[in-house]
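**Student:** Letter by letter, the chains look like this.
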Amino acid sequence: MLSRRIIPCLDVRDGQVVKGVRFRDHVVVGSIEDLALRYRDEGADELVFYDITASPEGRSVDRAWIERIATIIDIPFCVAGGIRSVAEARAVLAAGADKISVNSPALERPALVSELAEAFGVQCVVVGIDSLRDEDGQWHVRQYSGDPDRTLALARKTLDWIIEVQALGAGEIVLNCMGSDGARNGFDIVQLQAARAVCQVPLVASGGAGTASHFADAFLQADVDATLAASIFHSGELAIHDLKRSLRSQGIEVRDDF
Amino acid sequence: MTGAPRVVLLDSGGANLGSVRAAFARLGVDAPVTSDWNTIQAATHVVLPGVGAAASAMARLRENGLDKLVARLTQPLIGICIGMQLLFESSEEGDTECLGLLPGKVTRLPSSPGIRIPHMGWNRLETMADHPLSAGLDQQWVYFVHSYAARDAASTITRCNHGEPFAAMVARGSVMGAQFHPERSAAAGARLLKNFLAL
Chain A
1 MLSRRIIPCL DVRDGQVVKG VRFRDHVVVG SIEDLALRYR DEGADELVFY DITASPEGRS
61 VDRAWIERIA TIIDIPFCVA GGIRSVAEAR AVLAAGADKI SVNSPALERP ALVSELAEAF
121 GVQCVVVGID SLRDEDGQWH VRQYSGDPDR TLALARKTLD WIIEVQALGA GEIVLNCMGS
181 DGARNGFDIV QLQAARAVCQ VPLVASGGAG TASHFADAFL QADVDATLAA SIFHSGELAI
241 HDLKRSLRSQ GIEVRDDF
Chain B
1001 MTGAPRVVLL DSGGANLGSV RAAFARLGVD APVTSDWNTI QAATHVVLPG VGAAASAMAR
1061 LRENGLDKLV ARLTQPLIGI CIGMQLLFES SEEGDTECLG LLPGKVTRLP SSPGIRIPHM
1121 GWNRLETMAD HPLSAGLDQQ WVYFVHSYAA RDAASTITRC NHGEPFAAMV ARGSVMGAQF
1181 HPERSAAAGA RLLKNFLAL
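Order-wise, the sequence lines are chains A and B.
Heads up: the first sequence begins at 1 in the numbering used here, then just goes up one per residue.
Heads up: the second sequence begins at 1001 in the numbering used here, then just goes up one per residue.
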């Protein structure tokens, strides 16, 4: 049986891992290599690296550190950040990334998702979605969320976008629930359930993990395939092997033989 | 085998060539990417990696004449992911004629409630037939990312289940394959590569 995945997310800025609260006020957490190795040893199933300044600055992700990570790490990893073309994606994959994730550039030009799926197969193509509930009671997509001064609220509804990107060729969707991100009060189960209902490809929950039970809630109540978190792991509050032990005891299938 | 293994990676154009090479490097083995016939024929172990689509990978092999060469190799050959799928007669993906080194066809995994395609993540291996390639790997977690699989292959030595069983590893004579990614399967993946190098 396929296991549920635990994915630490490493926000990368200027070659270091940083973390903000509700996408703001970033502080340096440590070096990319040190954290990647630490999480690999703790039993992370996969890593995601977001170059959070790449998209707002209109540049592609720096590739030197991707090559270093690919050499030292023996679990899969995904890279996101300003990938705007098949050529840029190819360079990131050639540097050793297993998957690429697109967010703002896919909103700028949705055909990018199809082009990437055609060039590399849907299994390489992750679409990241930053989503917030607005006054109309609906979830809407945000763009350029890596830079609060440039973040745009879009008319596009999150659930519509989830359906659209699957049709375009997304092999996996990461839903960043911005309302709960960094607050550690739990994943946005209601939004994740709504997303799950329209998402046939693997769905990754992101934003709000504060305790081991929050992860269990996301798997048991929203049936997500994976959970992504940053601060709770970066701070050392919750070690991944302890989290997996807790999930296993609740009957949730996890890889726990590392 | 005596002496150091001489491993080559066939240039199938896949995006994981660098990662597979790095996995061998972690075992202390340099595995260059090549499409040169003499280098490949002189190798002790040949790897056919692959990420992407069956049709484009086959086209790349044909372009380099490697489809003809692999049929003549007698040293241990392992296909990884799409590389394993290419070993069969055909793939439903893009209706692609493949190398035909193993009997059987590759078909799309069906989705059903709770069974999402692509099959993406860590899943367990189950031994179907003892083989040195799969030694120590029974019930181990390994990393899969794929939408197509060989579901009724007689050459299956380990299988995996995602909605229904499919071949996770195959072997017939010197021709072998792994549907998962050993280069991204932590200690279990390294074990598979070591088993292969020991053949």
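If you're looking for bench data, these hints aren't it; they were derived computationally from the structure.
Any given hint could be a false lead.
[As the list claims (entries may be wrong)] So, partial list: chain B residues that the calculated Cβ filter (under 10 Å) puts toward chain A: (1) 1019; (2) 1032; (3) 1035; (4) 1037; (5) 1041; (6) 1056; (7) 1059; (8) 1082; (9) 1103; (10) 1107; (11) 1114; (12) 1120; (13) 1123; (14) 1162; (15) 1184; (16) 1189.
[Stated by the list, open to error] Where chain A lies over chain B, by a calculated footprint (3+ residues, C-beta under 8 Å): (17) 1065-1076; (18) 1164-1178.
[Claimed, not checked] So these bits of chain A aren't anywhere near chain B, every CB distance computed over 10 Å: (19) 1; (20) 5; (21) 75; (22) 217; (23) 231.
Glycine residues also receive a C-beta, built at the ideal position from the N, C-alpha and C atoms.
**Student:** Does the interface hint hold: is residue 1041(B) within less than 10 Å of chain A, judged Cβ to Cβ?
**Tutor:** Not OK, violated: residue 1041(B) not within 10 Å of chain A, min 27 Å.
**Student:** Should the hint that residue 1019(B) touches chain A count as held when the rule is a Cβ pair under 10 Å?
**Tutor:** 5 Å, holds
**Student:** For the segment 1164-1178 of chain B, do three or more residues have a beta carbon lying closer than 8 Å to a beta carbon of chain A?
**Tutor:** Contact hint for the segment 1164-1178 of chain B vs chain A: violated, 0 residues under 8 Å.
**Student:** Just to be careful: measuring from the Cβ of residue 1162(B) to every Cβ in chain A, is the smallest value less than 10 Å?
**Tutor:** Because about 6 Å separates residue 1162(B) from the closest Cβ in chain A, which is inside the 10 Å limit, the hint holds.
**Student:** Holds or violated: the hint that residue 1120(B) contacts chain A, with Cβ atoms closer than 10 Å.
**Tutor:** 5 Å, holds
**Student:** Holds or violated: residue 1032(B) as interface residue toward chain A, Cβ cutoff 10 Å?
**Tutor:** With Cβ-Cβ at 15 Å, over 10 Å, it is violated.
**Student:** Interface hint check: residue 1082(B), Cβ to nearest Cβ on chain A, cutoff 10 Å. Holds or violated?
**Tutor:** Holds: closest Cβ of chain A sits about 8 Å from residue 1082(B), inside 10 Å.
**Student:** Closer than 10 Å between Cβ atoms is the bar; does residue 1056(B) clear it against chain A? Give me holds or violated.
**Tutor:** 9 Å, holds
**Student:** Hint check: is the beta carbon of residue 1107(B) less than 10 Å from a beta carbon of chain A?
**Tutor:** 16 Å, violated
**Student:** Just checking, residue 75(A) versus chain B, shortest CB gap more than 10 Å?
**Tutor:** Violated, since 6 Å does not exceed 10 Å.
**Student:** For the segment 1065-1076 of chain B, count the residues whose Cβ lies under 8 Å from any Cβ of chain A; is that count three or more?
**Tutor:** violated (count 0)
**Student:** Is the interface hint for residue 1123(B) satisfied, with its Cβ closer than 10 Å to some Cβ of chain A?
**Tutor:** 5 Å, holds
Comparing the model with each earlier hint shows violations of hints 2, 3, 4, 5, 7, 9, 10, 17, 18, 19, 20, 21; every other hint is respected.
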